[in-house]
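S.K.: Protein chains in written order, with our numbering: chain A, 1 to 502; chain B, 1001 to 1345.
Calculated from the structure, these hints are not laboratory results. Treat the numbers as computed from the prediction; the structure is a model and nothing was measured. Quick reminder that beta carbons are idealized off the backbone N, C-alpha and C, glycines included. Among these hints, one or two may not hold up.
[Claimed, not checked] In silico DSS-like pairs for lysine-lysine, Cα to Cα no more than 27 Å straight-line: (1) A:49 to A:27; (2) A:480 to B:1224; (3) A:256 to A:184; (4) B:1224 to A:393; (5) A:106 to A:122; (6) B:1169 to A:317; (7) A:158 to A:184; (8) B:1224 to A:402; (9) A:317 to A:256.
[What the hints assert, rightly or not] If you want a taste of the chain B side facing chain A, the calculated C-beta under 10 Å gives, among others: (10) 1038; (11) 1147; (12) 1151; (13) 1209; (14) 1213; (15) 1217; (16) 1218; (17) 1219; (18) 1221; (19) 1223; (20) 1224; (21) 1226; (22) 1231.
[Claimed, not checked] Anything over 10 Å on all C-beta distances counts as not near chain B; from chain A, calculated: (23) 89; (24) 103; (25) 185; (26) 202; (27) 372.
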Amino acid sequence: MNAPSLELIGFSKRFGGLAALDEVSVKIVPGAFHALLGENGAGKSTLVKCAMGYYAADAGEILLNGRQVVINHPKQAHELGLGMVYQHFTLVPNMTVLENFVLSRKHLPSVIDWTVERQRLKDFFDTTPFTVPLDLPVADLAAGQKQKAEILRQLYLKRTLLILDEPTSVLTPDEADEVLSTLKQMTRELVLTIVTITHKFREVNAFCDTVTVLRRGKLVGTRPVSELDNDTMAEMMVGRRETRATVEREQRAAGKTVLQIEGLSVANTVGQLAVDVLSLDIHAGEIVGVAGVSGNGQRELVETLAGQRHAEAGVMKVHGERYTATRPEMIRHRIACLPEEPLRNACVAEMSVAENMALRSFDQAPASPDGVRLRRAPMRDVARRLIEAYRVKTPGPDAPIKALSGGNVQRAVLARELSSEGDLLIVANPCFGLDFAAVAEIRARIVQARNRGAAVLLVSEDLDEILQLSDRIVVMFDGKLALQTQAAQADVGAIGRAMAGH
Amino acid sequence: MTAVVERIAVPTLALLASAVLFGLLLAIYARVDPLEAFALMYQGAFGTWFSWQNTLTRAAPLILTALCTALPARMGLIIIGNEGALVMGGVAAAAAGVAVIDAPAPVVQLAMAVAAMIVGGLWIALAGALRQWRGVNETISSLLLTYIAIALMNHFVEGPLRDPSSLNKPSTWPIGDQNMIGTITGTDVHWGLVLGIVACLIVYVWMRFTTWGFALQVIGGNPKTARMMGLDVGRYVLLACGAGGAMAGLAGMVEVAAIHGRANASLAVGYGYSGILVSFLARHHPLAIVPVSILLGGIGASGGLLQRRLDLPDAAVVVLQGILFVAILASETLYGRLWKPKEAA
């Protein structure tokens, strides 16, 4: 009954010469499930950050329940019941869920009675439609669970207006549906008002009632979802009919076996067996999609293949040769990896774009004629070529890679990993948090790699992505393969059941 | 561009702040005129050719020991066991020198240098290995290894390697005057200074123009990414720690072969600890280590004059060093804040 209304009037914000927001006004009614749509850089995040007091807007007024309020600091926003859930996680990784929740309360007693707090949180979790383990450090939660915890924390803090910044980019469609339908229910009961930034039309269509579209900092329009179809929304977003770069899937029989995984077991950070005697073959010219709810061992599997984690037991073979993820093996077999969150997992943030693009090749010609000397001029030349070919938006090859936007970091990593035309490509949630032009492009590149004969292991928490790209689909549940099927004959119901462990 | 300005401006600010603090201390506690004290310090450090030579002689071991911190710092490790590696290197150098004492001088010197570098390198590599395979914090272990090193030195100079004629100050047998490394022609400064400068140049080239230096930087920047690139993190940890330790070991050899002529407790007089300070002041940059070492060498050299003229205790310059170190560490947080960065969209 306390879902507020929110009206943002005439918001403008400039960053240097760039108008990130230009006279944008949005009205959000109580109990709305209001979507903010737009490409990366359209101003969605800037708008909500201004509303939350993270940025000082150059102009703009906020009406909350029709009354003008001033929000200069996130604390003020929180006191007014405004909460935000980010695409990037904000929980303290090495503290448990319980500690994180208690920590975030406004008034903390000097002595914390953990028994009481735990009971209180347990009782609270009884009222919520989904829960997360209370006593695990947040670092050990899978991405989906972290996002659930973030949302739960906002509810725990009794926020009545939630701003969600791409809340489902790490969730499986089922998880997303679960979370969103619960939130939807709460908006219907007028408990919550929700503003969500998203790229997924499916979710807009299924859950949102109003859409506001921004393009290059300007308001394109606010319309009820019922009046819109996907083509219209896409047109509002990108300003033209969506021209999705579809790559022809060549019909081709799978070639010889490239990757063999035999009886692989891998422990997770806390020593539990996350991958449990798993065997899988991948052939040349084939994309094998690994579906599954996050936290069923996919991350550990990918990290083992990428060389970031040691196997407890089992053998990996590439082209029939034993593979232990050393650099010479990676170079010989031309193994490429596209992990999720590439800035964190596949880049050195402080190093330049050129240096990051050279991570695979810095010890080979032309960057190094003999494996010892390092020549930066050819490194930069290669980078310039890759920046051009993969359309990476960067001030130049010498800019630090952390200055680039998420999509462009992923493009830079893609350029580095795919330019070697490798035989084996290991991909994990490659489109996490990217706008849809970038998503289409990255998926097209993956299919291209497959078309030219690379074996591709695609781990994704986005089932649509797996269905769209894979030749063969396996489902991982509890560290084991629960289902294997050719994509052409895939039964989505069966996949869904396997993901849920049935 | 601002990054370069910042790299100079921040340490300069820290230096100025330390000078002000030290000046206040002198004025309020020691009741001497700080300006006079600073003038004297300049005099004692850089005022005359004599003081310059004193300064440079003190700078020589600092340059080498600083590399012991600077090299591992490149990959994100904080090693502070410089003193231990220096002491072990000094003992090893003396032992090697005594063992081949009758060989031609260059052979003896080479043997001493090699022995010192190997032992010093292994000493710090041990801290690296503990870190890589047993998860022991390298800062703590390298510090504690210093105590072990000093105990070992005491054992050797009082036991197996003791020259019976060294009565009041137990020492190893002397390496012989003919085997000492001499002074740079026309000065009283020994060749260790040149050795240190050359070492800094080599390290700079190594870091900047070789694939190894690049790999170290990748590992220091993001170990997870480094593993994905198939880099053998453990090997590089050993390499960086070993190379750093070798430099501190070499400093020990220089102390033995240029100053003392033998190994004894005079090795452990704090050059290793000052080296940590130098490395941090120089932001672990091998080329910046040389001028910073000369600055710190100068501060050390000026202690005598302060004592004689202002009746300040010998420890006064040590206090200044301490203030400097704290100011430098505190100033680390200023990077990126001096100029308000443009907000990103």
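S.K.: A separate judgement is required for each hint: does it hold in the structure or not?
M.R.: Structure-based check of each hint:
{"no.": "1", "hint": "A:49 to A:27", "result": "holds (16 Å)"}
{"no.": "2", "hint": "A:480 to B:1224", "result": "holds (25 Å)"}
{"no.": "3", "hint": "A:256 to A:184", "result": "violated (48 Å)"}
{"no.": "4", "hint": "B:1224 to A:393", "result": "holds (25 Å)"}
{"no.": "5", "hint": "A:106 to A:122", "result": "holds (19 Å)"}
{"no.": "6", "hint": "B:1169 to A:317", "result": "violated (64 Å)"}
{"no.": "7", "hint": "A:158 to A:184", "result": "holds (16 Å)"}
{"no.": "8", "hint": "B:1224 to A:402", "result": "holds (16 Å)"}
{"no.": "9", "hint": "A:317 to A:256", "result": "holds (13 Å)"}
{"no.": "10", "hint": "1038", "result": "violated (37 Å)"}
{"no.": "11", "hint": "1147", "result": "violated (31 Å)"}
{"no.": "12", "hint": "1151", "result": "violated (37 Å)"}
{"no.": "13", "hint": "1209", "result": "holds (5 Å)"}
{"no.": "14", "hint": "1213", "result": "holds (7 Å)"}
{"no.": "15", "hint": "1217", "result": "holds (7 Å)"}
{"no.": "16", "hint": "1218", "result": "holds (5 Å)"}
{"no.": "17", "hint": "1219", "result": "holds (9 Å)"}
{"no.": "18", "hint": "1221", "result": "holds (3 Å)"}
{"no.": "19", "hint": "1223", "result": "holds (9 Å)"}
{"no.": "20", "hint": "1224", "result": "holds (6 Å)"}
{"no.": "21", "hint": "1226", "result": "holds (8 Å)"}
{"no.": "22", "hint": "1231", "result": "holds (6 Å)"}
{"no.": "23", "hint": "89", "result": "holds (17 Å)"}
{"no.": "24", "hint": "103", "result": "holds (24 Å)"}
{"no.": "25", "hint": "185", "result": "holds (35 Å)"}
{"no.": "26", "hint": "202", "result": "holds (28 Å)"}
{"no.": "27", "hint": "372", "result": "violated (6 Å)"}
In terms of the numbered hints stated before, the structure departs from hints 3, 6, 10, 11, 12 and 27, listed from lowest to highest.
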